[in-house]
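Please put together the full structure from these sequences, using the hints given.
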Amino acid sequence: MPLLHFEDFSAGQKLALDGRYTVTAEEIVAFARQFDPQPHHLDDEAAKKTVLGGLAASGWHVCAMAMRLIVDGLVGKAASQGAAGVEECRWLKPVRPGDVLRLELEVLETRAPSSRSDIGFVKIRWDLFNQREQVAMMISAPMFLRRT
Amino acid sequence: MWFEDIEIGTKHTLGEYRFVEDEMIAFAKKYDPQTFHVDPQAAKQSIFGGLIASGWMTVAVWMKLMTAKLTPESAGASVSPGFEDLRWYKPVRPGTALTYSTEVVEKRELKSRPHFGLVLNRNEARDQDGTLYMSIVTKVLRERRSAS
Numbered sequence: 045m046p047l048l049h050f051e052d053f054s055a056g057q058k059l060a061l062d063g064r065y066t067v068t069a070e071e072i073v074a075f076a077r078q079f080d081p082q083p084h085h086l087d088d089e090a091a092k093k094t095v096l097g098g099l100a101a102s103g104w105h106v107c108a109m110a111m112r113l114i115v116d117g118l119v120g121k122a123a124s125q126g127a128a129g130v131e132e133c134r135w136l137k138p139v140r141p142g143d144v145l146r147l148e149l150e151v152l153e154t155r156a157p158s159s160r161s162d163i164g165f166v167k168i169r170w171d172l173f174n175q176r177e178q179v180a181m182m183i184s185a186p187m188f189l190r191r192t
Numbered sequence: 298m299w300f301e302d303i304e305i306g307t308k309h310t311l312g313e314y315r316f317v318e319d320e321m322i323a324f325a326k327k328y329d330p331q332t333f334h335v336d337p338q339a340a341k342q343s344i345f346g347g348l349i350a351s352g353w354m355t356v357a358v359w360m361k362l363m364t365a366k367l368t369p370e371s372a373g374a375s376v377s378p379g380f381e382d383l384r385w386y387k388p389v390r391p392g393t394a395l396t397y398s399t400e401v402v403e404k405r406e407l408k409s410r411p412h413f414g415l416v417l418n419r420n421e422a423r424d425q426d427g428t429l430y431m432s433i434v435t436k437v438l439r440e441r442r443s444a445s
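Quick mapping for you: the protein sequence lines, in order, are chains D and W.
Here our numbering is used: the first residue of the first sequence is 45, the next is one more, and so on.
Here our numbering is used: the first residue of the second sequence is 298, the next is one more, and so on.
Hints are computed from structural coordinates only; laboratory data are not their basis.
Note that the structure is a prediction, hence the values are computed from the model and not measured.
Please note: incorrect hints may appear among the correct ones.
Think about it this way: if two alpha-carbon atoms lie no more than 30 Å apart in a straight line, the pair counts; the simulated DSSO-like pairs of lysine-lysine are [said to hold, decoys possible]: (1) D:K137 with W:K404; (2) D:K137 with D:K93; (3) W:K341 with D:K167.
Structural data, given as structure tokens:
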């Protein structure tokens, strides 16, 4: 399959990625030990006393799992030139052990800068769904793609 | 600390973190397996000219340093609805040491949640020369004293 280029994207386009990410308690705790060692990410009993009401993944872990889905489902198939950041991220629902995550993407905007003929800019909204069809996280982020 | 006690302009240095190749690759293999994050040899042919850290690791390290500063009380009391304006300015290469800092930039009262206020911090990661590598505006809900 040929790589997707800037010209393959247009505003309003939607893409449901095939990949699924199954969340485990072990992985939630391992990520939290390394980067976000707060009680609600480390220990189910302690987490029950917090506003999250039970063990939940660090928001940064949720971002990382969504990144894995987008790398497997889109970036690897596109003439990606990287990303310079994230415009906005909202953590909407706790992500818990046993959750199965999937990603739906929507192209919000495409722009071909007049200063560069080789690269185009595509702003994408990521909706990360759990198996209950709730949006657990929303991100809007620009990425750069090669032009044909 | 209550919402009312937090002052705009308060700035803290969170600490320094040195990026090590093995850790960069381990993170990326799990969450961001793009060539320039996982394969030092192949990365030389990429647009970055060598191995670089996943941007998500650069920001997860911010959380790691931040949690080291949280007291048990403030950790349990703080929940984040998300972040905005995450920017990766320069690639982070093995051996790069970044110093992270945080500054309170805005406080918002929430009509929808009168017992809480939203505090926005601008956070930065810079190397020893002061070069900016990453910035992000984080958000945290803080309980209001008037709610107690």
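Hints, verified against the model:
1. D:K137 with W:K404: holds (23 Å)
2. D:K137 with D:K93: Status holds; Cα separation ~17 Å.
3. W:K341 with D:K167: holds (28 Å)
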